[in-house]
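From just these sequences and the hints, can you work out the full model?
Mapping of the sequence shown onto this note's numbering: residues 964 to 1446, in sequence order.
Because the hints were derived from the structure by calculation, they are not lab data.
Check each hint, because a few of them may be wrong.
[As the list claims (entries may be wrong)] Pair ranges (Cβ atoms, derived):
1. E1110 <-> G1375: 34 to 40 Å
2. V1363 <-> T1263: 36 to 42 Å
3. H1109 <-> L1086: 23 to 29 Å
[Stated by the list, open to error] In silico lysine-lysine, DSBU-like type, Cα no more than 35 Å apart, as pairs:
4. K1089 <-> K1142
5. K1204 <-> K1080
6. K1084 <-> K1204
Being a predicted model, the structure only gives us computed values, none of them experimental.
Ideal Cβ positions, reconstructed from N, Cα and C, are used throughout, including at glycine.
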Amino acid sequence: MQSTRLPLAAPNIQNTSGGLIAAVAPQSLAATLGLRPGDYLVAVDDQPLRDVIDYRFAIAEEQVRLLVRDANGQEQHYHLRKDPDAELGIEFAEPLFDRLRTCSNKCPFCFLTQMPKGFRKTLYVKDDDYRLSFLYHNFVTFTNLHEADWQRIAAQRLSPLHISVHATDPFWRGVMLGKPDLPDVCAQIRRLGSMGIEVHTQIVACPAANDGAVLQQTISDLIALAPTVQSIAVVPVGLTKLRFNGTRPSTIQAAIDIHEHDAIHGFCSRLGAVGTIPLRCFNASESAAVIDLIESFGATCRQQLGHTLVYPSDEFYILAGRSVPPATFYDNMPQYSNGVGMVRDFLDTWRRVQRRLPARLAQPTRLALVCGTLVAPLLRTLLPRLQRIDGLTPEVVPVVNHFFGETVTISGLLTAQDVIPALQASGCDQALLPRVMFDYQGERTLDDYSLDQMTTTAGMPLALADGPDELTRLLQQFSKAMP
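Shown next, in the form of structure tokens:
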């Protein structure tokens, strides 16, 4: 590696903030240069950096020129010679260095409008940024792209992307996104395919709205766009008891009305009878009908394409009281993070790890397995085997979500304010909490509790687990002799 001080940068990057460096790996190229947390990497080869995507592309060269600005605004310029695959050893505070692209749609089922006030501000950000779709598999609507965005997607081959479709019929997609005159999503996907970009799609289904014939058309249209479309997930709408105004809207139009009126002026008057459709959750028979429709399409896709392509979320199977399909149905689990295939993976993993369970614990333990009400029946299937461990008294503790409302049944939306009273009433002396109720770092719940705070308030040791593997490891620890 060589480093050389360079002249001042071109004028077009003088006002660019760049990426804030949060950490520098010891003995890395960046450390050798003397870069420190708090510095900003502004440009590479005189090109301003908009995000980590630009950064990754820019440094994949044998020679790179860096513009770095310190916390005092002083600029340093470096010329590096390195292996094209060598990383600089920089970790950025945020993946986007410029402004986040936010969502201007008015979806009647938008979860962010169903959250009470008082949470940390970041939880209310409605992101709709294609860059986060590429980086983190966030689903975006593709309703806010400019031609420059399309050119960048093509130039940097940002694939795969994840698109919230909801409906391919223009009118129904407008209803589901709360806005008229949207771009043709099928045409957008075809354009992506012409660039060599693959997409994963999702449909948030609402009963009596975009299910039934609308869903059938949507799935059919998306299947016709394979192989650009790599997967289609259908998930049921999730509704809480609240909206920003403190009430839960009863119809699609009432839900859209909660959003800013100026952005949808005149649209609701065009909904007609559609606007009166009740906004509600799926029941068992409706869930079964959705499963039947999707599995029929999936069987055809397996015959014609060699893979299932379209999948119902696990929640539909649970709501319908049906067993989930075998692992082969889910192919390579392309929509796992969207709640598709998690139950099957859980069951198969449990069968595999049971042999590693300890025969006994070091001391008697009454262990609470905390979960949302949706998966409580699944966790209860573990109890007969766990009860064979000497010294262990396991108990599934399903927590009713009073915070968001009893219709919210998934573990990922549990709050400490609901979990702690349930634990205190359980009579258990230790508990395993679902990791998904904490943020990505495992540090904070939705209502801003840390694990230590929950442990102190609940009055018992708590640990996090996200599946049978971690449950087994924790029980192995409990089996060791106490000091």
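Each hint tested on the structure:
{"no.": "1", "hint": "E1110 <-> G1375: 34 to 40 Å", "in the structure": "holds, 37 Å"}
{"no.": "2", "hint": "V1363 <-> T1263: 36 to 42 Å", "in the structure": "holds, 40 Å"}
{"no.": "3", "hint": "H1109 <-> L1086: 23 to 29 Å", "in the structure": "holds, 28 Å"}
{"no.": "4", "hint": "K1089 <-> K1142", "in the structure": "holds, 16 Å"}
{"no.": "5", "hint": "K1204 <-> K1080", "in the structure": "holds, 13 Å"}
{"no.": "6", "hint": "K1084 <-> K1204", "in the structure": "holds, 20 Å"}
When held up to the earlier numbered hints, the structure conflicts with none and fits them all.
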